Amino acid sequence: MSEQTQEKSTDESANGSPKPTSPNADLKLDFASFWEYSEAPESSDHVEITERYDHFINGDFVKPAKGRYMKSVNPATEEVFTEFAEGTSEDVDSAVRAARRAYEKKWSRLSGKERGKYLFRLARMIQERSRELAITESMDGGKPIRESRDVDVPLAAAHFFYYAGWADKLNYAFPGRTPEPVGVCGQIIPWNFPLLMLAWKIAPALATGNTVVLKPAETTPVTALKFAEICLDAGLPDGVVNIITGAGLTGAEIVNHPDVDKIAFTGSTEVGKIIQRSLAGSEKKYTLELGGKGPNIVFEDAPIDQAVEGIVNAIFFNQGHVCCAGSRLLVQEGVAGRLITKLKERMETLIVGNPLDKNTDIGAINSKSQYDRINNYLEIGVNEGAEIYQSSNTIPEKGFFCRPTLFTGVSQSNRIVQEEIFGPVLTIQTFRTPDEAVEKANNTPYGLASGIWTDKGSKIFKIGRQVRSGVIWSNTFNKFDPTSPFGGYKESGIGSEGGLHGLHPYVKLK
Amino acid sequence: MNAVTIPDFHQTIPIDKVGVEERMARLNKRSIKKESKLQGLKLALSMIDLTTLEGKDSEGKIIQLCNKARTPYTPMPDLPTVAAVCVYPNLVDAAKKALRGTTIKVASVAAAFPSGMARLKDKLEDTRYAIDQGADEIDMVISRGEFLKGNYSYIFDEIAAIKEACGEVHLKVILETGELETYENVRKASDIAMYAGADFIKTSTGKIQPAATQPVTMIMLEAIRDFYRNTGQMVGMKPAGGIRKAKEALQYLVLVKETLGAAWLTPQWFRIGASSLTNDLLMQIVKQETGVYQSINYFSND
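Those protein sequence lines, which keep their order, are chains A and B.
Heads up, the working numbering is the position in the first sequence plus 1176, with the first residue counted as 1.
Heads up, the working numbering is the position in the second sequence plus 423, with the first residue counted as 1.
Since the hints were derived computationally from the structure, they do not count as laboratory data.
Small disclaimer: the values here were computed from a predicted structure and weren't measured.
Among the hints, a few may not be true.
Claimed, not checked - Listed next, the in silico PhoX-like pairs over lysine-lysine satisfying Cα-Cα at most 25 Å (straight line):
id: 1; chain 1: A; residue 1: 1632; chain 2: B; residue 2: 440
id: 2; chain 1: A; residue 1: 1655; chain 2: B; residue 2: 440
id: 3; chain 1: A; residue 1: 1520; chain 2: B; residue 2: 440
id: 4; chain 1: A; residue 1: 1282; chain 2: A; residue 2: 1461
id: 5; chain 1: A; residue 1: 1655; chain 2: B; residue 2: 452
id: 6; chain 1: B; residue 1: 710; chain 2: B; residue 2: 456
id: 7; chain 1: B; residue 1: 456; chain 2: B; residue 2: 670
id: 8; chain 1: A; residue 1: 1520; chain 2: A; residue 2: 1345
id: 9; chain 1: B; residue 1: 630; chain 2: B; residue 2: 484
id: 10; chain 1: A; residue 1: 1282; chain 2: A; residue 2: 1686
id: 11; chain 1: A; residue 1: 1289; chain 2: A; residue 2: 1345
id: 12; chain 1: A; residue 1: 1534; chain 2: B; residue 2: 670
id: 13; chain 1: A; residue 1: 1684; chain 2: A; residue 2: 1345
id: 14; chain 1: A; residue 1: 1534; chain 2: B; residue 2: 457
id: 15; chain 1: A; residue 1: 1461; chain 2: A; residue 2: 1686
id: 16; chain 1: B; residue 1: 465; chain 2: A; residue 2: 1534
id: 17; chain 1: A; residue 1: 1635; chain 2: B; residue 2: 440
id: 18; chain 1: A; residue 1: 1534; chain 2: B; residue 2: 452
id: 19; chain 1: A; residue 1: 1534; chain 2: B; residue 2: 456
id: 20; chain 1: B; residue 1: 630; chain 2: A; residue 2: 1534
id: 21; chain 1: A; residue 1: 1616; chain 2: A; residue 2: 1635
As the list claims (entries may be wrong) - Covered stretches of chain B, going by a simulated chain A footprint (3 or more residues, C-beta under 8 Å):
id: 22; segment: 438-446
id: 23; segment: 453-467
id: 24; segment: 706-712
Claimed, not checked - Have a look at the derived ranges for each label pair, beta carbon to beta carbon:
id: 25; chain 1: B; residue 1: 538; chain 2: A; residue 2: 1564; range: 42 to 48 Å
id: 26; chain 1: A; residue 1: 1254; chain 2: B; residue 2: 655; range: 43 to 49 Å
id: 27; chain 1: A; residue 1: 1212; chain 2: B; residue 2: 657; range: 18 to 24 Å
In this text, a Cβ means the ideal position worked out from N, Cα and C, and glycines have one as well.
Construct the complete structure from the given sequences, taking the supplied hints into account.
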């Protein structure tokens, strides 16, 4: 017994002398054995999902020209959620023509005040249907209802409210200049925040007098089509908003359509590069919101318990399907051990499961292909020699679920440190000096978002100036607000969305 | 077995207020339904320190309170009893007699409760008197004035001396967090109390507003967690004052469960100092069991 204790409390260090370790390093808190929460599923009875969804063109739901449909799967059950139209060049062309007509005949001629009224109405109607939209989002995409209910849908409404306010004040946004709309905007959005990304795209475009053709992602098209219903109910003039569903090929049709004046894309850096290439030499304006590999830097003077919570929000929010996720944790050596112990403890209390359960913290991985991609990266990490840690919580047998995962013992040269995984997978590196932290933080092709954790205000500003990323959060993470611009350095994108800056891509200044 | 190093209490552990409150808000989104709700309500009932600390308290009032502690709701005799009754030292004897034959503990406030403005000598005297009267647990207050002066060794020594006087009797140390004002201070006072020998740390006397709040309780639970990791010793927690609704009680339990885990979810390690909470818990339990709300008039008001 005493020998064992001896063994536990000392550890051979490199120079052979015993190194003291915490005598209680093996103490474990037990979060599971008593008082389990009963299921608390949000009822989806009142949510109407039709068996098949068509395109929304010129104020009407229109069958696809080629008559082909695709399936959207509920990733938590692996069952088909609904079918939706596959857009072809014919569909895209009629949508662009409708948008052009609406732009010239109606929307660009309306006063800002009148456009604002429509946007305010859309915002209110999103609020009115918020429960239905949240449930739909969770069923179509797998995100926990807690997040779709408290983050996605309210923020989407907030974006419409915010840009509705700008509609009649554009002259004040650009003093001394006359802002004019760009024309027809082709917008392609990702599957991680379907309705929210729609709001980021459509609200500023409409506020500035443009009309849009928007394509939601092929795994999460339904809330966009519900938004089309809202446009109808709001009496929005026909053709101002057109929604074409489909996959990458449909997106390419939008990008390459000659009568589109501006492209706004949010998605992977890979696709972003393709878009940029195909737009080279054209007159189309474009904004790209692409990938990230956000560093989350924790200094030893940080509030540790709150930093742990911030790390959880940074990487496990929305299953890690967040372009601005804090997926690289950089922690100062002095607190690394303590922080990692606390983080592992906290991970034990994360509930992975049914996205519709109000207690679920981590829902389903959005699709089979993303699920495979994440698992592939887990394998790569292990093969690269990193130490993997996953929480011990149970996960459903059916559906695409992934336990929250940490990798320690990683180096800057590892693929799991360099490449965007887009899943609940965090790599942990340590640093000794602020310079080293900044160097590691910037040593990436991306530059979208970062976090800095310290109790010292001056350090926040000093390090914040040195880290090259579009968004820097200090002592918090993944905070969004429509008034705040969002955009990336380097391969994380071109242009900003949100705030006053978010108006620029949608206007020509005279 | 393990040598415990006492930290330097002049070092402040940084705490981010915004982060604390966000974490609390997130915990409060836990949805406690069905069986887990009923189980939680009964658990909360069993954790109550049924309290009366008024100048007008008398033996008669204490006897009434003790009867409520024994049988919270006559139509449901199988319900758990509360954990303890909490009274002034001169009424400990009455409470002891009224609770004879039960496992319900008698807790006594002591050490110049509620202000703590007395000499250590008198505080010790007060404590010994309560123990002589038969108190199973002592709820002492710290000297907030000395704490705010930065006289941490004074606080430490005072707690250690009272713990020594307590011997085997359980010592709960009241930080009166409403007078400490910052989360850093709450954390520091928690650490001082635990290293000085507290068996429990407790938020408030109930005489100062704000009394127990959820974020403050979270700070104290996190202090307990770190103390456990550093020393291997468990310390109990008691939020007291201002907790009136069953829903809040469940939120406190969620907070304990997700901060410290299942081991602390027993009256041995977690108490709620309250009086009117009892009836709200009972109302909710009856609602869960029968499906209908009873009028408040069906619950005895002691």
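The hints, checked one at a time:
For the proposed pair residue 1632/A and residue 440/B, the alpha carbon gap of about 14 Å is at most 25 Å, so the pair holds. The suggested pairing of residue 1655/A with residue 440/B holds, with an alpha-carbon distance near 16 Å, which does not exceed 25 Å. Taking the CA atoms of residue 1520/A and residue 440/B, the gap is about 23 Å. The hint holds against a cut of 25 Å. Taken as a hint, the residue 1282/A and residue 1461/A pair is honoured in the structure, with Cα atoms around 22 Å apart against an allowance of 25 Å.
In summary, the hint linking residue 1655/A to residue 452/B is supported, as the alpha carbons are separated by about 18 Å, within the 25 Å threshold. A threshold of 25 Å between alpha carbons decides the hint, and for residue 710/B with residue 456/B the separation of about 13 Å falls inside it, so the pair holds. The hinted pair formed by residue 456/B and residue 670/B meets the criterion: a straight-line CA distance of about 11 Å does not exceed 25 Å. The suggested pairing of residue 1520/A with residue 1345/A is violated, with an alpha-carbon distance near 49 Å, which exceeds 25 Å.
This hinted pair checks out: residue 630/B and residue 484/B have alpha carbons roughly 19 Å apart, not beyond 25 Å. Distance restraint check for residue 1282/A and residue 1686/A: the Cα-Cα separation of roughly 21 Å lies within the 25 Å cut-off, and the hinted pair is therefore satisfied. As the CA atoms of residue 1289/A and residue 1345/A are separated by approximately 9 Å, the hinted pair is consistent with the 25 Å bound. Taken as a hint, the residue 1534/A and residue 670/B pair is honoured in the structure, with Cα atoms around 16 Å apart against an allowance of 25 Å.
With a C-alpha separation of about 15 Å, the suggested pair residue 1684/A and residue 1345/A falls inside the 25 Å cut-off, and the hint holds. Restraint check: the Cα-Cα separation between residue 1534/A and residue 457/B comes to about 14 Å, which is no more than 25 Å; the hinted pair holds. For the hint pairing residue 1461/A with residue 1686/A, the CA-to-CA distance comes to about 16 Å; that is within 25 Å, so the pair holds. Proposed proximity of residue 465/B and residue 1534/A is supported: the alpha carbons are some 23 Å apart, at most 25 Å.
The suggested pairing of residue 1635/A with residue 440/B holds, with an alpha-carbon distance near 18 Å, which does not exceed 25 Å. Of the pairs offered as hints, the one joining residue 1534/A and residue 452/B holds, with about 8 Å between alpha carbons and a cut-off of 25 Å not exceeded. Note on residue 1534/A and residue 456/B: the hinted pairing holds, with a Cα-Cα distance of about 10 Å set against a maximum of 25 Å. At most 25 Å may separate the alpha-carbon atoms for a hinted pair to count; residue 630/B and residue 1534/A exceed this at roughly 37 Å.
A hinted pair counts as satisfied when its Cα atoms are at most 25 Å apart, and residue 1616/A with residue 1635/A qualifies at roughly 17 Å. Under a criterion of three residues with beta carbons nearer than 8 Å to beta carbons of chain A, the stated coverage of the segment 438-446 of chain B is upheld, 7 such residues being counted. Given a C-beta distance limit of less than 8 Å, the hint that chain A covers the segment 453-467 of chain B holds, as 11 residues qualify and 3 suffice. Given as covered by chain A, the segment 706-712 of chain B fails the check, having 0 residues with a CB less than 8 Å from a CB of that chain where 3 are the minimum.
For the pair residue 538/B and residue 1564/A, the supplied restraint of 42 to 48 Å is violated, since their beta-carbon distance comes to about 55 Å. For residue 1254/A and residue 655/B, the Cβ-Cβ distance of about 46 Å falls inside the hinted range of 43 to 49 Å, so the restraint holds. For residue 1212/A paired with residue 657/B, a C-beta distance near 22 Å keeps the hint of 18 to 24 Å intact.
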